[in-house]
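Novice: Sequence:
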Amino acid sequence: MVETLWVATLKISRATAEKISAKHGISGQEVKDTLVCVRGLTFAWDDDPERGLRAIVQTDIRGPVEVVLYPKLMDAYGDAWALGSVYRC
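Reading the sequence shown from the start, the letters are residues 41 to 129 in the working numbering.
Take the hints with a grain of salt, since some may be wrong.
Said to hold, decoys possible - Below 20 Å or equal to it, Euclidean Cα-Cα: the simulated DMTMM-like pairs (lysine to aspartate or glutamate) are: (1) 72 to 58; (2) 63 to 119; (3) 59 to 73; (4) 72 to 100; (5) 112 to 86; (6) 59 to 70; (7) 59 to 100; (8) 51 to 73.
Said to hold, decoys possible - Here are the simulated distance ranges between beta carbons: (9) 62 to 118: 24 to 34 Å; (10) 69 to 89: 25 to 35 Å; (11) 42 to 62: 15 to 25 Å; (12) 127 to 93: 24 to 34 Å; (13) 98 to 77: 10 to 20 Å; (14) 48 to 70: 10 to 20 Å; (15) 44 to 112: 15 to 25 Å; (16) 78 to 128: 15 to 25 Å; (17) 69 to 110: 16 to 26 Å; (18) 63 to 110: 15 to 25 Å.
Hints were generated in silico from the structure; no laboratory data involved.
Keep in mind that this is a model prediction, so the values were computed, not measured.
Where is the CB? At the ideal position from N, CA and C, for every residue including glycine.
Produce the entire structure from the sequences given, and follow the hints as far as they go.
Specialist: Structure (structure tokens):
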């Protein structure tokens, strides 16, 4: 069974927005439009020794991308996330 993810809110820091724009030509708004309140986002958990637990979402933003999301620990519903990065596949 494929796991799916629900993103109700997505926090994107200014530094992360600038990084993904400069390195990958993707805006923070494009990421939000692709992920926030979208049903059926497929993902896999990755527990990185340095960065901790994060979700890797495969989606499409003008081509295939992988989006790195970190769970917001103080979220009561478990559907608030922080953007780590976006990578073109």
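Novice: All hints, please: hold or fail.
Specialist: Here is how each hint holds up against the structure:
1. 72 to 58: holds (15 Å)
2. 63 to 119: violated (27 Å)
3. 59 to 73: holds (18 Å)
4. 72 to 100: holds (12 Å)
5. 112 to 86: holds (15 Å)
6. 59 to 70: holds (14 Å)
7. 59 to 100: Cα-Cα ~18 Å, so holds.
8. 51 to 73: holds (13 Å)
9. 62 to 118: 24 to 34 Å: 31 Å Cβ-Cβ, so the 24 to 34 Å window holds.
10. 69 to 89: 25 to 35 Å: This hint holds: roughly 32 Å between Cβ atoms.
11. 42 to 62: 15 to 25 Å: violated (33 Å)
12. 127 to 93: 24 to 34 Å: violated (18 Å)
13. 98 to 77: 10 to 20 Å: holds (18 Å)
14. 48 to 70: 10 to 20 Å: About 18 Å separates the Cβ atoms of residue 48 and residue 70, which means 10 to 20 Å holds.
15. 44 to 112: 15 to 25 Å: holds (18 Å)
16. 78 to 128: 15 to 25 Å: holds (19 Å)
17. 69 to 110: 16 to 26 Å: Roughly 19 Å apart at Cβ, these two residues keep to the hinted range, so it holds.
18. 63 to 110: 15 to 25 Å: Check passed, 18 Å falls within 15 to 25 Å.
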